[in-house]
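Q: Listed below, chain by chain, are the residues.
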Amino acid sequence: MEFAKLCSIFAAGLAMGLGAIGSAVGEGFIAMKAVQTMSRQPGSAGKIVRVMLIGQAVTETAAIFALVVSLILMFQDVTGDFVKGFTFIAAGIAIGFGTIGSGFGAGLPGGAACEGIGKQPENADVLTINMLIGQAVSQTATIFSLTIALILIMLEPRSGIVKICSILGAGCAIGFGAIGPGIGDGIVARNANLAIGKDPANMGLLTRTMLIGQAVTETTDIYSMVVSLILIFVI
Amino acid sequence: MEGITGQELIKALALLAAGIAMGFGAIGPGIGEGFAAGKACESLGKRPDEANLITRTMLIGQAVSETTGIYSLVVALILIFVV
Numbered sequence: 001m002e003f004a005k006l007c008s009i010f011a012a013g014l015a016m017g018l019g020a021i022g023s024a025v026g027e028g029f030i031a032m033k034a035v036q037t038m039s040r041q042p043g044s045a046g047k048i049v050r051v052m053l054i055g056q057a058v059t060e061t062a063a064i065f066a067l068v069v070s071l072i073l074m075f076q077d078v079t080g081d082f083v084k085g086f087t088f089i090a091a092g093i094a095i096g097f098g099t100i101g102s103g104f105g106a107g108l109p110g111g112a113a114c115e116g117i118g119k120q121p122e123n124a125d126v127l128t129i130n131m132l133i134g135q136a137v138s139q140t141a142t143i144f145s146l147t148i149a150l151i152l153i154m155l156e157p158r159s160g161i162v163k164i165c166s167i168l169g170a171g172c173a174i175g176f177g178a179i180g181p182g183i184g185d186g187i188v189a190r191n192a193n194l195a196i197g198k199d200p201a202n203m204g205l206l207t208r209t210m211l212i213g214q215a216v217t218e219t220t221d222i223y224s225m226v227v228s229l230i231l232i233f234v235i
Numbered sequence: 236m237e238g239i240t241g242q243e244l245i246k247a248l249a250l251l252a253a254g255i256a257m258g259f260g261a262i263g264p265g266i267g268e269g270f271a272a273g274k275a276c277e278s279l280g281k282r283p284d285e286a287n288l289i290t291r292t293m294l295i296g297q298a299v300s301e302t303t304g305i306y307s308l309v310v311a312l313i314l315i316f317v318v
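Chains as they are written, first to last, in the working numbering: chain C, 1 to 235; chain F, 236 to 318.
One or more of the hints may lead you astray.
[Stated by the list, open to error] Pairs of lysine-lysine, BS3-like flavour, derived with a Cα cap of 25 angstroms:
{"hint": "1", "chain 1": "F", "residue 1": "K246", "chain 2": "C", "residue 2": "K163"}
{"hint": "2", "chain 1": "F", "residue 1": "K281", "chain 2": "C", "residue 2": "K119"}
{"hint": "3", "chain 1": "F", "residue 1": "K274", "chain 2": "C", "residue 2": "K119"}
{"hint": "4", "chain 1": "C", "residue 1": "K198", "chain 2": "F", "residue 2": "K281"}
{"hint": "5", "chain 1": "C", "residue 1": "K198", "chain 2": "C", "residue 2": "K47"}
{"hint": "6", "chain 1": "C", "residue 1": "K119", "chain 2": "C", "residue 2": "K47"}
{"hint": "7", "chain 1": "C", "residue 1": "K198", "chain 2": "C", "residue 2": "K119"}
{"hint": "8", "chain 1": "C", "residue 1": "K5", "chain 2": "C", "residue 2": "K163"}
{"hint": "9", "chain 1": "F", "residue 1": "K274", "chain 2": "C", "residue 2": "K198"}
Bear in mind the hints are in silico, worked out from the structure with no lab data behind them.
Bear in mind that the values here come from a model prediction, so they are computed numbers and not experimental data.
Produce the entire structure from the sequences given, and follow the hints as far as they go.
A: Pasting the structure below:
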């Protein structure tokens with residue numbers, strides 16, 4: 001088997017194995033909070049289960065991105081030389097590590113929504129809306145990783161040790177760089193959702209502040225993406 | 236892969252280091268800024284009339300947390316373009 005195909009299959013395992021971590025932990029967190037809340041408020045069980053399932057479905061997106069990249073890496077026809085193999089490994093690192101933060105981060109507001117519904121079941125709609133906004137923003141980190149991973153898979157690199165290292169560097173930059181902002185965005189959304197659960201009258205103010213806070217948290221991920229793109233296209 | 240000069244090897248490893256510097260460097264600021272904004276949201280829920288003060292302090296706190304991320308970016312750019 002040629003080297004590029006070997007790398008492609010190895011990267012598929014890397015992408016899905018690492019990519020499953022974050023989403024699984026995040027979904028477990030939502031379920032944990034849902035069960036805790038239900039034990040206190042068994043009457044609201046129906047609403048809690050509904051929000052739990054919606055929240056878990058959105059949390060799953062990060063792992064689905066990893067699955068898509070993994071399937072592409074497994075079944076594509078690989079033509080390329082020695083250097084092409086390293087683009088696949090870099091893509092696997094980018095999407096594998098890149099999904100950890102967003103998967104876990106998206107779980108945090110889901111847990112807060114379940115807690116809030118336990119306290120005041122009539123707030124279910126407001127909490128679900130804010131949960132979905134917060135989760136969507138915390139997915140951006142993974143979407144950046146997905147973009148870079150797809151660019152890397154389609155890249156036709158020139159040969160040489162310099163290009164190999166720049167490609168691996170690009171994968172590391174966006175892969176590890178997406179962990180922090182993904183979790184950070186989730187923490188912001190969680191606290192905003194907890195506050196809305198206590199007093200839904202402040203929802204406008206809290207959602208606005210949440211989005212500002214998440215936008216600032218996202219900046220380091222944007223730096224990582226810029227460094228990745230420089231390493232891919234400029235070097 | 237034969238015939239790699241020392242100069243090429245230095246350049247190659249500098250580029251790999253740039254990626255690692257920016258990647259790991261972004262983890263801390265991301266989580267830290269999330270904490271700052273999260274606690275700001277919590278406080279806003281309790282005292283919505285102090286929104287201006289809380290938002291201002293949140294942004295200052297996040298800007299300071301951001302500095303290490305900017306250091307990583309600067310180091311990465313130096314490793315890419317200067318080394």
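Q: Take the hints in turn and mark each one as holding or not.
A: The hints, checked one at a time:
no. : hint              : result
1   : K246(F) - K163(C) : holds (10 angstroms)
2   : K281(F) - K119(C) : holds (16 angstroms)
3   : K274(F) - K119(C) : holds (20 angstroms)
4   : K198(C) - K281(F) : holds (9 angstroms)
5   : K198(C) - K47(C)  : holds (17 angstroms)
6   : K119(C) - K47(C)  : holds (12 angstroms)
7   : K198(C) - K119(C) : holds (8 angstroms)
8   : K5(C) - K163(C)   : holds (19 angstroms)
9   : K274(F) - K198(C) : holds (15 angstroms)
Hint violations for this structure: none, all hints satisfied.
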